[in-house]
Every structure is written in C-alpha cells, then in structure tokens.
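Chemist: Just so you know, the sequences run in chain order A and B. The first sequence begins at 2 in this note's numbering and counts up by one. The second sequence begins at 8 in this note's numbering and counts up by one.
To be clear about the criterion: a stretch of chain A counts as covered by chain B if any three or more of its residues have a C-beta under 8 Å from a C-beta of chain B, and this derived list gives those stretches:
1. 16-26
2. 71-83
3. 86-97
4. 119-131
5. 141-154
Honestly, the hints are just simulated from the structure, not real lab data. None of the values given here were measured: they were computed from a predicted structure. Even glycine gets a Cβ: it sits at the ideal position worked out from N, Cα and C.
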Amino acid sequence: MSGETMSIFSPRLAARFDALVKKYPVKRSALVPMLLYAQDEVGYLSDAVIAEVAERIGITELDVRNVATYYSMLRFKPAGRYNIQVCTNISCMLRGAYPLLERFQEELGIGHKGVTSDGVFSLEEVECIGACCWAPAIQVNYDFHDDLTPDHVPGILKTYRSKAEGAEGTAAHA
Amino acid sequence: MPKLVSHPDEVKIVTRRFGQGAANIGKYIELGGYEAVKKCIAQGPEWIINEMKASNLRGRGGAGFSTGMKWSFVPKQSAKPKYVLVNGDESEPGTCKDHLIFLHDPHSVIEGTIIAGLAIGAKTGFIYLRGEYRYLLEIVEKAVADAYERGFLGKNIFGSGNDFDIITQSGAGAYEVGEESALMESLEGKRGVPRIKPPFPAVVGLYGGPTIINNAETIATVPHVIAMGAEAYSAVGTPRNGGTRLFGVSGHVERPGIYELPMGYNLKKMIYDVAGGVRGGRKLKAVVPGGSSTPVLLPDEIETLGMDFDQVGKAGSMLGSGGVVVIDDQTCIVEFALRTISFYQHESCGWCIPCREGTDWLKKSLTRFHAGFGAASDIDNIQYLAENMLGRTFCPLGDAAAMPTIAFVKKFRKEFEDHLNGKPCPFAKHVELTVV
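Generate coordinates for the entire structure from the input sequences, incorporating the hints supplied.
Modeler: Shown next, in the form of structure tokens:
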C-alpha cells in the first residue's frame, strides 16, 4: 500500500509502516510489531486495522487473526486510555501484588479486563513483566511503576487521571 | 526506574558501565566501548570462536550451552544468508537482568552482536525485545541509530570492508517466544510455536539460513570477554563455568536486586550477605534458584551450594536464568506451586498435547487442592501427571512446568497433606508481608 492510498492510520504511522515492511528480508516479519503499533494508535485491533495490516503485508485477514490471537498484549476490543497491568507472578506475589491488585479493583470499581465507564482506565492482571527485583511492579500502558504498596494506588490514578483530562479534546487515544 | 544495588563481593564485568550514562554512544566509547570489535576485526573469525570457547562462557538464557561451541556449529559456506539473533524476550518469572542491560548498556549488546556476526560470517543481526519492554526498545533503537551514524553499523564497518546491519524487533506478549525456534517463528511474523529439531538453527534457522540465537546477557558479555581476554574471564568463575552472572535476587529478601557475582558463588551467602537475608527476620523456607521453571531447593540444600551450572545441576535443580526467588516460612507452597503452574498454563502455546493438557489439568488440580477440596490421591496424581509431561514436548515449556511441580510435591508433601479434608489453607490468604 502506498502512502497516498486511504489509510485508517495517522500519516505518521502510515509512513512508519511503509518503511517497516521494507526493513526485513521478508515482508511478513513486520506483522507482529505492526499490529502492536497499530493498537497503540487505534486502541485495539478493529476489523479495519486487521484489513489494512493484511493488505500492507500481502496476506489474508485470517492469517493476521491467526497470528494476532497468539500474543497476549494484542486485544480485539478497546481498553481504557490507560491500561493498568498488575503483575501477580511469583516475585511480585511474594511482595504483595494481590493486595495491590485488590486496591486497584476497589478504587476503580472494575475487575480483570474491566474498563471504567469514562474509558480512562482499564485493569488487567498480567504475567511476569520483567521487574522481579523491584517488585511488586505494574505497567500503565508502557510505563513501569515499581516497588509499590497499595497506598501508592490513589496517587498513581490521580496522575493519570489528570493526564487524561489534560489530553481531553486532543488525541482520541494515548 | 529500577534501582541499582551493589555489594562488595560483586565482580563488575558486564555491569561495570551501569549507572554511568553508557546508553550514550560517546560515553560508551569513553568507557572503552567498541574496542573489542576492532580487536575482532583484526584477529578474524577463527580467533574469535577460539577465544569464546576458551572463555567457558555458557548461555545465560538458561540452557548453559558453550557459546563458542554454538558459534562453531555454523557452516562456513552457506548458500543462504546467515543471521545472529539476540533473544531479549526475557519472560521467565524471577528474571529481569536483560532489562538492566538494555537500560544501562545497550551498546554492549550491539557490539556483541557485531562480534557474533564477524565470527560466523553473518551480515545481519536481529535484536528481539519482548513487547512490554517498549521504553527499552526505544533506548536500543536510539543506540543502533547512533552506531550507524558513526559507521559502526552499515556498509564497511570500522573501515574493515565488512558490512553489518542490525534490525530491532518488538514482540507482543508471549513467554514461549523466548524458546529459540519459537522466537524465529515470531520474527517471521507467525504464531510463536516451536519447530522440530533437528535441523538445528545453526544449520537451518531464520528464513532458512544458518542462525545463532543467544540470550541478551550472553551477547552483552561477549565484548568484555574479548577485551579482558578469554583466560582472565574464565579465571573469574569455576571450572567449565567462566566469568560472572547477573543474579537477580527477588522475593522475601531485605535487598532484592541484580548482583553480578562470580560463577560458583555460594547461594546461602548470596541470600544472607549480598541480599541482606530474609525480610523481616523471618526464616527461609525454600529457594527457586534460576527462574520459575527450576526445581525448588530447601535451606539445607544451599549451605555449600555454589551457583554454577554444574553444581546446581548436581543438586537436582538448574542455574537457569539466574533468577533467585527467595521464599520465607510464612508462604504457602501449594499456593506458590499453583501460581507457578498458572503461568505455564497461560503461556503454553498449545502445540504439544502433553503441555497443553498437562498444564491445564495441573492448574485445575492445584486450584481445587488449594481451596481445600483435594483428595489424598490428588497428591500422587499431580506428581504422576507432571512426570508424564517430561521430555514429551517439542520445546522445553512442558518440562519447565513439570519440573518445579514435581519438586514442590516431593519436597513439601506434608504441606500438601495439610490442605486435605476441607481444611483451610494453613497460611494467610496470599503471601504478602506487612511492611516492617
């Protein structure tokens, strides 16, 4: 797909994808990162995202879906603007990940994979995120927060809530 | 930002540039960076491989295979292009060492990749980071761009007449992709399921070309081995176990963190001296020595245990990824086993039946058991099921789930029995410590 063709992505992301498919010895190698970057912009892998990615790579939509369903970070419905991912794997669990997760659930009023009604937050219990020595740790979108206690929760939520308010009316998605 | 820790017993080789701003290429060069690759260009492929063999550097991903040997398996002549693939999918619970390497010293990974390419005659290297490590990928991508700008990558690198390119790649969430053949599948834009071996990647790998796949820590170590010399590097460790390791001590210790210690360092000392002992003055119950897939060890098994591949192997476990998870006496082992198996159940790619079904049934059994609804026969069944997964899958994920489970049941049978007959878990719900 050339840059001029109608794209559902921003001109910047479309240009990035134009370059990405040329980066590898085989075009299809661009598929997994492309899906993740598309999700970062659109919020999830919508039918339109899947169709355009399939066309850009030159494979079927079914091929794209087959691959996309394998990877745990890829999703097929919208998450909150800020997706809170709480690791509860062993190292985090030993240092209080479950009370931390419970505090997030209480403060947000949502459970695993839930989205707040204003669409600002979603919550996910996730597997090891590679911050075991600084446990318990979470990721909000791609930002790490480590060495947490449940008392940190209100402050973290406040920070992101004000970010969301500041960004209101600008981009549709972070 | 991950906290850096330090201890007088550390031997800082791989971590020596940490905390000094070496992600900046100028700083990296100022601290002696990109000298090793120049030495390698002058000496040639055969010399590099011999140095790597002599260094006794063994794969830091967990298998502990000799890096020099691995490189020597790549055929000299090949009709298809050869590749170097750096595995930064770091996903084994208890493991976060590569996180720090990418953050503090990304150029060591780039330099190591170039050296590996020179050794096997590859013109392209890939650095694959797990999708969650986006901020680290951006650091690595900036470092790669800077290296291109200086002529360290691209055409005619360092004026040597050799070309070498590095391509960075993001995953999107999958433990299984840390397995080398699944990693290649993922990089080819497919589901990360393992390939059957043989053929081994050194012969038929990425895009069908001969490929070496090394863990990010292994690759980051390579320039240091070249710079200090194989003999000096090897002398730091124990016989057949060259150098140091980035041990990640986590769980119930006073000072968790990544510590670079010589191979063979005593595990008890690592927990009590280096990491400050068990948190809150509690007693040690058990230690997972090398990431969640390695069989648990009891306190009396670590008294004289040296942390190298051979000694930990002899003790019935594995050095694995160097992720030491410390468990105190207030922890329910049944819950710990359940959390461990839940992970493998979640991450099993479903390709091989013993793994797909085995992890699922183990999770079901352990869930029921921990809730107090287990039968006495379940204890043996859990062990039987796990034992029948061993060695019956394409990749080691099945073993990674089965091995720790068997050890938990064997070493903590009494604790499993304490959960029988509807008795509530003898330990508090979840295993957090109140902050002291």
